[in-house]
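Asks: Residue numbers (our numbering), protein chains in the order written: chain H, 41 to 680; chain B, 13 to 455; chain Y, 11 to 336.
To be clear, the hints were calculated from the coordinates, so they are not data collected in a lab. There could be a bad hint or two in this list.
With a straight-line cut-off of 25 Å between C-alpha atoms, the simulated PhoX-like cross-links for lysine-lysine are [as the list claims (entries may be wrong)]: (1) B:K31 <-> H:K638; (2) H:K99 <-> B:K432; (3) H:K417 <-> B:K22; (4) Y:K328 <-> B:K284; (5) Y:K55 <-> B:K266; (6) Y:K13 <-> B:K267; (7) H:K532 <-> B:K369; (8) H:K581 <-> Y:K252; (9) B:K452 <-> H:K88; (10) H:K584 <-> B:K22; (11) Y:K330 <-> B:K245; (12) Y:K328 <-> B:K282; (13) H:K539 <-> H:K516; (14) B:K128 <-> Y:K270; (15) Y:K40 <-> Y:K328; (16) B:K432 <-> H:K61; (17) B:K230 <-> Y:K13; (18) B:K408 <-> B:K432; (19) H:K419 <-> B:K26; (20) H:K584 <-> H:K612; (21) B:K282 <-> Y:K104; (22) Y:K330 <-> Y:K43; (23) Y:K284 <-> B:K282; (24) B:K265 <-> B:K63; (25) Y:K320 <-> B:K284; (26) B:K284 <-> Y:K330; (27) B:K63 <-> B:K31; (28) B:K31 <-> H:K640; (29) Y:K270 <-> B:K404; (30) Y:K55 <-> B:K265; (31) H:K489 <-> H:K479; (32) B:K22 <-> H:K640; (33) Y:K270 <-> B:K139; (34) Y:K179 <-> B:K369; (35) H:K507 <-> Y:K179; (36) H:K521 <-> Y:K179; (37) B:K369 <-> H:K516; (38) H:K419 <-> B:K22; (39) B:K128 <-> Y:K284; (40) B:K127 <-> Y:K284.
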Amino acid sequence: MEKLKVTFYPYNQTIEVEKGKTILSAAAAGGIYINSACGGNGICGRCKVILKKGVVSTKPSGMLSVKERENNYYLACLTTVQSDLEVEVPPESRLSFDNLSQEELSSQVKNFSKPTQQSSYKSSTAEAFKNLPLVFKLYLELPPPNLDDHISDLERLYRQIRMYHDIPIMQTGLANIRQLAETLRLADWKVTVTLGKRDGTTEIILIEPYDTSQRNYGLAFDIGTTTICGQLVNLNTKEVLSTKMIYNKQAVFGPDVITRIVYAQQDNGLEKLHQAATEGINEMIQKFIQEKNIDLNDITCILCSGNTTMIHLLLRLNPTYIRKEPYVPVANFIPAISAGEVGIKINPRGLLFCVPSVSSYVGGDAVAGVLACGMDKEKELCLLIDIGTNGELVLGNRDFLISCAASAGPAFEGSGVTSGMRATVGAIQKTRINSFTKKVEFSTIGGLKPCGICGSGYIDILAQMFKAGILDRTGKIINQKDWHIRDTQYGKEFVLVEKQDTAINADIVINEVDIENLKRAKAAIFAGASILLRHMGLDFKDVKKIFIAGGFGNYLDIQSAQIIGLLPDLEKERFIFVGNSSLYGARKILLSCADMDKAKEIACKITYFELSVEPGYMEEYIAALFFPHTDLSRFSNINI
Amino acid sequence: MALSGLEIYKLLPKTNCRKCGFPTCLAFAMQLAKKAVSLDQCPFLTPETKKILEESSLPPIRLITIKREDNTLEIGNESVMFRHEEKFYHPTGIGIILNDDLSDGQLNEILEMVKKLEFERVGQRLKIDLLAIRNRSMPERFLEVVEYVIKNTTLPLVYMSENPSILRQALKISPAGSSLIYRATAKNFMEFAQLSKDYKTPLVVSADNLEELSNLTKQFNQQEIEDLVLEVKSDSAAICLWQLTQIRRLALKKKERSLGYPCLVVVETKDKDLDALFATTYIAKYAGIVLLDLFQPEEILSILTLRQNIYTDPQRPLQIEPKLYPVGNAKDDSFVLVTTNFSLTYYTVLGEVEASKVPAYILSVNTEGMSVLTAWAAEKFTADTITEAIHKHNLKEIISRHRLIIPGYVAILSGDLEDKSGWQVIVGPKEAAGIPAFLKNLS
Amino acid sequence: MIKEVIENLPGLIHTVEVGATAQQGGTRSKVIKVGGENALPFLFKEGKIPNPPVIAYEIWDIKPADWPQALGYFYSDVWGDPLEWAEKVVKEYKADLLCLKLMGAHPELNRDIDEEAKLVENILKKVNVPLIIIGCGDDARDNLVLPLCSQVAKGERCLFGEVTQDNYKTLTAAVLADGHNIIAQSPIDINIAKQLNILISELGLELNRIVINPTVGALGYGLEYTYSIMERLRLAGLNQDKTVASPFIGFAGQESWRAKEARAPESEFPQWGKEGRRGYVWEMVTAATLLLAGTDILVMRHPQAVEKVKRYIEEFNKDKEGLCLL
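Hey, can you work out the whole structure from these sequences and the hints?
Replies: What follows is the structure, encoded as structure tokens:
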């Protein structure tokens, strides 16, 4: 096959590819990630590139306007390389990996954020991290051997350790045993051991000369379908040193769990998905150590929380049977393994732990979420709602726990909607429609000019449009004069911010197709919660605490969410915003073996409930496709 | 009242030991609540718990079975007032009345017609369930007819007489468990009780009002006779409907055990058409058995179809017939949009194609009523199943330009589908709302 | 001691009127009232059922292309002229209510909309029973024809149909302006039925001017779906959900005559019996089942079927008193 050269601007990178491959795959091969919400299937229209030079072959898609086509725009996924090319990737098609500013991050993953109302829930940092972390260091000064005390080096070590911690079973890897004699004598019997909890046993992972016990760092990661969020934690002080967030690079292979499982069945597919995950994580780790000036070898463990499929792909386990009846994962309880085996670069002997999952569609992230909210200890009935792609819901308390996945889709994470973006700098997160000036007032994360709208911004704008009479109950935009509404091929479009006031040199809009997407997402979540409660013979009013988790923003306007029918009509005080509960739970588990045990208990206790086979589900879903709901009496207290 | 899943869970050990075969005690409790599993699967239930659970699961309406050779009729054991609450379980038994004062010739004619009253609909065989022989003439004649019918048919029987001695003779010559006796009243209670005990046959009991009916059944219960069917008289349509409704309500909502039995109605107005309408009525409204003096195929076909409709399971999703549907002025060079046979999906796509004003075809693939994403995840909407549908509905003959538009959500199928079907595959929009713009752009 | 279970439901189905007499500004000889009940069908002991179900005869503005011989037997002498057809049905078959389907307006037949309006005017002059007027089903054409007919029939309080969730604004506006009532059609979906009523009422048309058509599946062709949707809607309405407390209309004729079982000749299916009787039996069994689910207006075709269903309704009603004394 003929090999051709494709040069990508503005990266100035030239990649060699076989003739006939798509521009998107050429870019991916070269490590250039072009936006592709649909995973390269020619339907989202996000992978627009401009052909500067060369010959290509393409397919019609209905996604490019006449003007764009005149200006040599092509969809990278549908266009194949036929000669050497020069291709420009315009800004709107670039996949970005930026960090949140420190304040956004800290508010994103804070314990329980209280935006405008006092939450009655008390969080206590001290209480949460009382026990030992999963990997901890111990500085020992061993009494040197003599004729009366001549036990072996290894027994001496164990004996010393047992003076501090009553650990019955211990292991040490052969490599460590081989070095033991030298290390002990060289360091004058003063060494630091790194001990890792491996399920029922404790392993001596490292034996280092002298006192390195102050340098012990761990990583807590939430591996989401759309975004990966990680934290660097000082395991001694329990302090969070840094938090980062990137798009999950697996997105190029599919926007959701099912498409990725299907991709994994192709030749090399699983390997590619695995690498996309580990690459992203390793890059983040590199950034952590550079930023905080830490030695990679001092990072001794990483704890991953994610849904079942994400963990399978991370560990390169075959996910095929997750989606085939009767929906069986390879493993729910992953034993502690060496991070290196999986391709994660921390200390070469460092350990990788995973939060246990419940079933094919309810994973460790939901378990971590339950742990984080403490709902497994509550006497009152609680409900945890994750307003994310998989829409996990957990209902229960200390007596029982039951969970399902509402499959809402990524709309609330800003994906698949016209001006959508992640909840990061530049995202519109709050809006208000001023009925007098007929303008949309808004605030963005970071306070700078807006680049797009994130989930919480969408929830606000829908509620505001509905209140202002610009939206009818089915989500159709009502053409009113004085408002900036125009017709497009995607139905009517409402302009929130005009081009000149944005940071992207384009209008920020919401159209009827976006609204339909958002409506479906909110309907799936509300219907899922309704069915879950009904299945247990309960009602929303029986729930005393509703925890809201998700990557849709740093806060949530409860009333807006109620006006559109995403959240039930209950007093504000019952709602508690918990942000990224998966990450918070992951950090708790990293820092406490007791919490890892608790996570296992929770995973065993949660009963999985399959929504799609529940007879009333479709109808409940259709009933929720109305603002706020077809059954208006369920929202009788909401004032518009 | 039946216990809810959560209520049952509270009675279980909550150890999640998995011996019952379910991952958690809660999962087991939910199955018990649905009656999908037996109590015995949990080895750790206390005797007290067992007792509570058993009592709450006794059927409020007794199940009555009549069987002859391959023909079994089961009636009763219903649990809801409206089919949409769950479903109606045991289809109403339809019986044709043969009066013993018919001539041999007439009798033969009717039996011949009855043999032909079997129809196939939607994969099910529809037929009548009972033959009811009614005594109007001499006892000898009755027995003659009974013998003749037993010899020449295989359906379960109803013997209609208030004379216990001829009934006894009829039962003597009948196969065990194959007949129902109509009817016992307060007057002939003792003899009928004896009959029932001797031949272990279910009885139809009759009285003037619900109070008396209740007393009568209680009397039978005292004689340890439980297999009873309640007659509801049909002279007045409004009263008949009311009583059928009341009996079901009392059994289900008030746990009135004395009326916890299936009902029987004899429909005999002077107008055959009205008979068909009243049979329809009582089938829909709670009757366990309807006896009719009708046997023309036009009326029986519609009555059996109605019964089939009312007794289908409403919880299976709404499906349309999977086939090729033309929309507007669709011609052989029009596009073909592929979708599932889930009603809502189909109607949504149909609406959008109509709105686009672009004539096209819609190929509805059999996905057992699942929507696009569910069907795809369940491997019912795949390159293979779509290709199969193309062949099954002869698309190659009807459509000259072999192009398919598939829903955007399953774009991933396109390569495979092109290979398997040999048709060009165009990926359509994800949302049906995008169809009008899409079709216009393509044209 | 047996105590009957009487369920007095708290809701009430809206009363919708079709037709206006001279006193009310129209020219109809009487007004048909439907709805107003607060009990389930024929359960007279539990509440009031002031208006028995009514039956409308279906006629078209053009000769129907595919009505079978069983119907042609009655109508072939008049279906070339809708005015004669209307007259026959009212005089000979004593129709209480007429349903005129303007099938000719369909783009494939493209009758002039002014002609259709003129026809409506003439029918109103020819017969004096209340009138239901249905479009051809093509939204664009119906949005032109029906408002014009609505104007022409102003004051007569006709029942116009049908609006759907995708196309309801035009006809609702016309009906509002001209004092008529409206039929809201939904595709055997309880949520859409409800949503549509909410949307219509938010345009200003009161809930008591809406009749719900939940779409009928004929006997053997989805009847049970319609039956259960109707039962659920009716129960919701009687339990005080005003948005679905509307009377129902069921197009029993139109649906049942599509069935193979109603039309196929005996020669093709000898085991099915004679097609002459089979056809109307199919229609009347469909109709009676719909009545049991709460249908208030039946639109039917075969005179024999109509007759029998009328008698069926009478049989129930004649014992109203007797039942209440029980």
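Asks: Each hint should be assessed against the structure and marked as holding or not.
Replies: Comparing the hints with the structure gives:
Taking the CA atoms of K31 (chain B) and K638 (chain H), the gap is near 23 Å; set against the 25 Å cutoff, the hint holds. Annotation: proposed proximity of K99 (chain H) to K432 (chain B) holds, straight-line Cα distance about 20 Å (limit 25 Å). About 17 Å separates the Cα atoms of K417 (chain H) and K22 (chain B), which keeps this hinted pair within 25 Å; it holds. For the suggested pair K328 (chain Y) and K284 (chain B), the alpha carbons sit about 19 Å apart, so the restraint of at most 25 Å is met.
At roughly 19 Å between alpha-carbon atoms, K55 (chain Y) and K266 (chain B) fall within 25 Å of each other, so this suggested pair holds. Distance hint between K13 (chain Y) and K267 (chain B) is fulfilled; the C-alpha atoms sit about 12 Å from each other, no more than 25 Å. For the proposed pair K532 (chain H) and K369 (chain B), the alpha carbon gap of about 19 Å is at most 25 Å, so the pair holds. A threshold of 25 Å between alpha carbons decides the hint, and for K581 (chain H) with K252 (chain Y) the separation of about 23 Å falls inside it, so the pair holds.
Note on K452 (chain B) and K88 (chain H): the hinted pairing holds, with a Cα-Cα distance of about 22 Å set against a maximum of 25 Å. Straight-line distance between C-alpha atoms of K584 (chain H) and K22 (chain B) comes to about 20 Å, which keeps the hinted pair within the 25 Å bound. Of the supplied pair hints, the one linking K330 (chain Y) and K245 (chain B) holds, its CA atoms being roughly 16 Å apart against a limit of 25 Å. A C-alpha spacing of about 16 Å is found between K328 (chain Y) and K282 (chain B), which places the hinted pair at or below 25 Å, so the restraint holds.
A threshold of 25 Å between alpha carbons decides the hint, and for K539 (chain H) with K516 (chain H) the separation of about 24 Å falls inside it, so the pair holds. For a cut-off of 25 Å, the pair hint linking K128 (chain B) to K270 (chain Y) stands: about 19 Å separates their Cα positions. Only pairs whose Cα atoms come within 25 Å are accepted, and K40 (chain Y) paired with K328 (chain Y) is accepted, the gap being roughly 23 Å. Taking the CA atoms of K432 (chain B) and K61 (chain H), the gap is about 22 Å. The hint holds against a cut of 25 Å.
Between K230 (chain B) and K13 (chain Y) the CA atoms are separated by roughly 16 Å; this keeps the pair inside 25 Å, and the hint holds. Taking the CA atoms of K408 (chain B) and K432 (chain B), the gap is about 14 Å. The hint holds against a cut of 25 Å. For the hint pairing K419 (chain H) with K26 (chain B), the CA-to-CA distance comes to about 16 Å; that is within 25 Å, so the pair holds. Taking the CA atoms of K584 (chain H) and K612 (chain H), the gap is about 11 Å. The hint holds against a cut of 25 Å.
The straight-line distance between the Cα atoms of K282 (chain B) and K104 (chain Y) is roughly 24 Å, inside the 25 Å bound, and the hint therefore holds. Simply put, K330 (chain Y) and K43 (chain Y) have alpha-carbon atoms about 19 Å apart, close enough for the 25 Å limit, and the pair holds. About 21 Å separates the Cα atoms of K284 (chain Y) and K282 (chain B), which keeps this hinted pair within 25 Å; it holds. Between K265 (chain B) and K63 (chain B) the CA atoms are separated by roughly 21 Å; this keeps the pair inside 25 Å, and the hint holds.
Of the supplied pair hints, the one linking K320 (chain Y) and K284 (chain B) holds, its CA atoms being roughly 15 Å apart against a limit of 25 Å. A distance of roughly 23 Å separates the Cα atoms of K284 (chain B) and K330 (chain Y); the hinted pair therefore holds under the 25 Å criterion. For the hint linking K63 (chain B) to K31 (chain B), the alpha-carbon distance of about 21 Å falls within 25 Å, and the restraint holds. In summary, the hint linking K31 (chain B) to K640 (chain H) is supported, as the alpha carbons are separated by about 19 Å, within the 25 Å threshold.
Pair hint K270 (chain Y) plus K404 (chain B) holds up; C-alpha atoms about 22 Å apart against a cutoff of 25 Å. With a C-alpha separation of about 18 Å, the suggested pairing of K55 (chain Y) with K265 (chain B) holds against the 25 Å cut-off. The suggested pairing of K489 (chain H) with K479 (chain H) holds, with an alpha-carbon distance near 16 Å, which does not exceed 25 Å. A C-alpha spacing of about 22 Å is found between K22 (chain B) and K640 (chain H), which places the hinted pair at or below 25 Å, so the restraint holds.
Of the pairs offered as hints, the one joining K270 (chain Y) and K139 (chain B) holds, with about 19 Å between alpha carbons and a cut-off of 25 Å not exceeded. A C-alpha spacing of about 20 Å is found between K179 (chain Y) and K369 (chain B), which places the hinted pair at or below 25 Å, so the restraint holds. The suggested pairing of K507 (chain H) with K179 (chain Y) holds, with an alpha-carbon distance near 21 Å, which does not exceed 25 Å. Annotation: proposed proximity of K521 (chain H) to K179 (chain Y) holds, straight-line Cα distance about 19 Å (limit 25 Å).
Restraint check: the Cα-Cα separation between K369 (chain B) and K516 (chain H) comes to about 20 Å, which is no more than 25 Å; the hinted pair holds. Among the hinted pairs, K419 (chain H) with K22 (chain B) is consistent with the structure: their alpha-carbon atoms are about 15 Å apart, no more than 25 Å. A threshold of 25 Å between alpha carbons decides the hint, and for K128 (chain B) with K284 (chain Y) the separation of about 14 Å falls inside it, so the pair holds. For the hint pairing K127 (chain B) with K284 (chain Y), the CA-to-CA distance comes to about 17 Å; that is within 25 Å, so the pair holds.
Comparing the model with each earlier hint shows no violations; every hint is respected.
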